[in-house]
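Peer 1: Letter by letter, the chains look like this.
4 protein chains.
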Amino acid sequence: MALDKKNSQKYQLIIDAAVRVIARNGYHYAQVSKIAKEAGVADGTIYLYFKNKEDILVSLFRMKMGAFISAIEKRMTTCANAEEKLQQIVDMHFTQFSAQPDLSVVMQLEMRQSARDLRLQINEVLKMYVHLMEDVIETGKEEGIFSPHLDEKLGRQMLFGTLDEMVTNWVMKDRKYDLRTLSNPTFNMLLAAFKDDGS
Amino acid sequence: MALDKKNSQKYQLIIDAAVRVIARNGYHYAQVSKIAKEAGVADGTIYLYFKNKEDILVSLFRMKMGAFISAIEKRMTTCANAEEKLQQIVDMHFTQFSAQPDLSVVMQLEMRQSARDLRLQINEVLKMYVHLMEDVIETGKEEGIFSPHLDEKLGRQMLFGTLDEMVTNWVMKDRKYDLRTLSNPTFNMLLAAFKDDGS
Amino acid sequence: MALDKKNSQKYQLIIDAAVRVIARNGYHYAQVSKIAKEAGVADGTIYLYFKNKEDILVSLFRMKMGAFISAIEKRMTTCANAEEKLQQIVDMHFTQFSAQPDLSVVMQLEMRQSARDLRLQINEVLKMYVHLMEDVIETGKEEGIFSPHLDEKLGRQMLFGTLDEMVTNWVMKDRKYDLRTLSNPTFNMLLAAFKDDGS
Amino acid sequence: MALDKKNSQKYQLIIDAAVRVIARNGYHYAQVSKIAKEAGVADGTIYLYFKNKEDILVSLFRMKMGAFISAIEKRMTTCANAEEKLQQIVDMHFTQFSAQPDLSVVMQLEMRQSARDLRLQINEVLKMYVHLMEDVIETGKEEGIFSPHLDEKLGRQMLFGTLDEMVTNWVMKDRKYDLRTLSNPTFNMLLAAFKDDGS
DNA sequence: CATGAATGAGTGTTCATTCAT
DNA sequence: AATGAATGAACACTCATTCAT
Chain G
54 MALDKKNSQK YQLIIDAAVR VIARNGYHYA QVSKIAKEAG VADGTIYLYF KNKEDILVSL
114 FRMKMGAFIS AIEKRMTTCA NAEEKLQQIV DMHFTQFSAQ PDLSVVMQLE MRQSARDLRL
174 QINEVLKMYV HLMEDVIETG KEEGIFSPHL DEKLGRQMLF GTLDEMVTNW VMKDRKYDLR
234 TLSNPTFNML LAAFKDDGS
Chain S
54 MALDKKNSQK YQLIIDAAVR VIARNGYHYA QVSKIAKEAG VADGTIYLYF KNKEDILVSL
114 FRMKMGAFIS AIEKRMTTCA NAEEKLQQIV DMHFTQFSAQ PDLSVVMQLE MRQSARDLRL
174 QINEVLKMYV HLMEDVIETG KEEGIFSPHL DEKLGRQMLF GTLDEMVTNW VMKDRKYDLR
234 TLSNPTFNML LAAFKDDGS
Chain P
54 MALDKKNSQK YQLIIDAAVR VIARNGYHYA QVSKIAKEAG VADGTIYLYF KNKEDILVSL
114 FRMKMGAFIS AIEKRMTTCA NAEEKLQQIV DMHFTQFSAQ PDLSVVMQLE MRQSARDLRL
174 QINEVLKMYV HLMEDVIETG KEEGIFSPHL DEKLGRQMLF GTLDEMVTNW VMKDRKYDLR
234 TLSNPTFNML LAAFKDDGS
Chain H
54 MALDKKNSQK YQLIIDAAVR VIARNGYHYA QVSKIAKEAG VADGTIYLYF KNKEDILVSL
114 FRMKMGAFIS AIEKRMTTCA NAEEKLQQIV DMHFTQFSAQ PDLSVVMQLE MRQSARDLRL
174 QINEVLKMYV HLMEDVIETG KEEGIFSPHL DEKLGRQMLF GTLDEMVTNW VMKDRKYDLR
234 TLSNPTFNML LAAFKDDGS
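Protein chains in written order, with the working numbering: chain G, 54 to 252; chain S, 54 to 252; chain P, 54 to 252; chain H, 54 to 252.
It is possible that part of the hints are untrue.
Given that identical chains are not distinguished, each listed pair holds provided it fits within a single copy or across any two copies.
Claimed, not checked - With a straight-line cut-off of 30 Å between C-alpha atoms, the simulated DSS-like cross-links for lysine-lysine are:
| no. | residue 1 | residue 2 |
| --- | --- | --- |
| 1 | Lys59 | Lys87 |
| 2 | Lys229 | Lys248 |
| 3 | Lys106 | Lys87 |
| 4 | Lys180 | Lys104 |
| 5 | Lys117 | Lys87 |
| 6 | Lys104 | Lys226 |
Hints in this document: simulated from the structure, not taken from any laboratory.
Assemble the whole structure, with the sequences as input and the hints as a guide.
Peer 2: Have a look at this one:
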């Protein structure tokens, strides 16, 4: 029987080791051997669970971002309308990164140093998030809460670009302030932008 | 007289060659020897004008981003108020990247793969842009055009994050559409966000 | 278990390959890749056993000179007095170099081209030889065989300088004569110098 | 008319610059450009007076060692017999190095790092010194002062090896003691060795 | 399943030398 | 005679990946 990779204990062990090693040393100093050592396995063992180094990173992103998005999706179901949904996206985006400092560094700074190929795969994972955001905007338009002229794609790019830039700035400032306090003012700006797109 | 590096013809030659080579091959395949060949000089000549490879990239960014921001600053002087200034920022941000496809790829995709050290230097250059944006927001508040509750930093992060995300998406879609058509709707969204921040 | 470097077979293999490559090509043409090829290992393997290129040379010197001196020390124990000990030093110095032509070239000619740093480390190893020589001189004085006015340091410098110069001349003359025939006349000169230092 | 190299002012200027640069920076950091700068000429000018870098070093050695040996030869003429001549060799060898600290470092430490080829040329220059030494020994034998069994070559190797080792030790100890005080005891040891070679 | 020793491709940088001015 | 900008060959070292045990 083939190795049931994804559910194996070691698979998780290695991914979590990778997050710590990258956060601590930076992307360029996160050698496979260092990750193996941190995970407490032999170098070769890594290759029983991952195709190659890039696969560790893609998997890392897939697992962590998957959980990240799932948490948001789950919360969506409790929301009465698109406005609340937008608020939850902003709030949970900030809250989840706040709770995982190592992961924040890895996602916002280190993984962006990856090669073009890797980033294409990252984008695949992010599509889930993109769809979720565009769905909310579409819903808001249907509900009459957002402007009928609001373009889903543009709105989503503003939403994602804004949140991403804010988290990146927070990480670059060494997380010296509480990211969650930005939640409300950011939500308000976005809501205003979406309600009245000025046309 | 010693080599007047920055103003020499070769200095520019090498930087422009670097833009083309990085755009064509990607950051990781942009070897110094390849840049030298593209510039039509010997490998060693590179080191008469640049301290090392990283210095080429920092200089590239400084020169190109400097010109980019200067052009916007110059345009600012022709604007009657903050609203017009905001419009010009959005418009020129998109227009300038539209006009320089190679540079767009380098700035939005390739240079972000650079090591942490390099990115710290990049951020220094970007500070000019940051100040310019925050100045416009402050002016808008003084003029009563933007909401008095608008936070300069948050507003700037939304502005930059939005523009950056839009250009990145455009580059990733292989520049298949006209970036400049996004100018107006984007400006309108941002203006709405800044006018009424919802408080 | 971690790689037991010093005692591994490959460690010796590489050092012996280095001796041959340096003797054959000269110090400046003894590239790491050439040594690896001669040893029948990959370039990278070298770095599992040695910190860097300089470390190969220091280790080479330490191993070979260590064995060289140990052999002399061992012989010392069979000697009745300082005169015999002096004779054994001279004799074994010449005999051991005679038996290892490649090593002679490396020690007398090639390794002296090394950088200052390396030579400091070499001197550390040579201290053992220095002490051995000075001990013999001191013993000789106590036994009344050598002049009571003989200075240990000066005597040692004459002893080492003489032997070293003779081996160097022999190597430079392409080892065309039998070094061991110099043993007796050299010993006699040194003995005369040490017996009656003229004061 | 061809450049009268050897007698030109710049020729000397460059050689003296080389001595200072090598003494100060070490052989491996004595780049041609650094020597040119120290001499106050352009890099290219060096090549009007010297064939290549090695030629600077050989010329340096030839000039300095030539003067060194000439001074000894001149003194020889004032000596009544071989014993006095031997004394003068030892004394002047130490005295001259004492008086030229930079040159001592260059001759005893730095130039020995040179490639094999260079050292062959150095040996050519040293032959003058070798002959001078062997002549003194031969004279001493004829005068009945030295043992009739003394081998000229061996005696010369002891003489040169001893002096050389002593100067090298002095340089390596950062010239912390007065080299000239070694003159008498060293002479006495050598004289004893040459008088009675033990046969 | 697990190990870890071995592999070998790939590249930024220096510096002696040249030659157009 | 003198300059100094330009040249380009040469090389130590890292690290992702493999595979015999």
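Peer 1: Evaluate each hint against the coordinates.
Peer 2: Hint-by-hint comparison with the structure:
1. Lys59 - Lys87: both (21 Å within a copy, 24 Å between copies)
2. Lys229 - Lys248: Classified as between; 29 Å across copies, 32 Å inside a copy.
3. Lys106 - Lys87: both (12 Å within a copy, 24 Å between copies)
4. Lys180 - Lys104: Within one copy only: 23 Å inside, 41 Å across.
5. Lys117 - Lys87: Within one copy only: 21 Å inside, 35 Å across.
6. Lys104 - Lys226: between (35 Å within a copy, 28 Å between copies)
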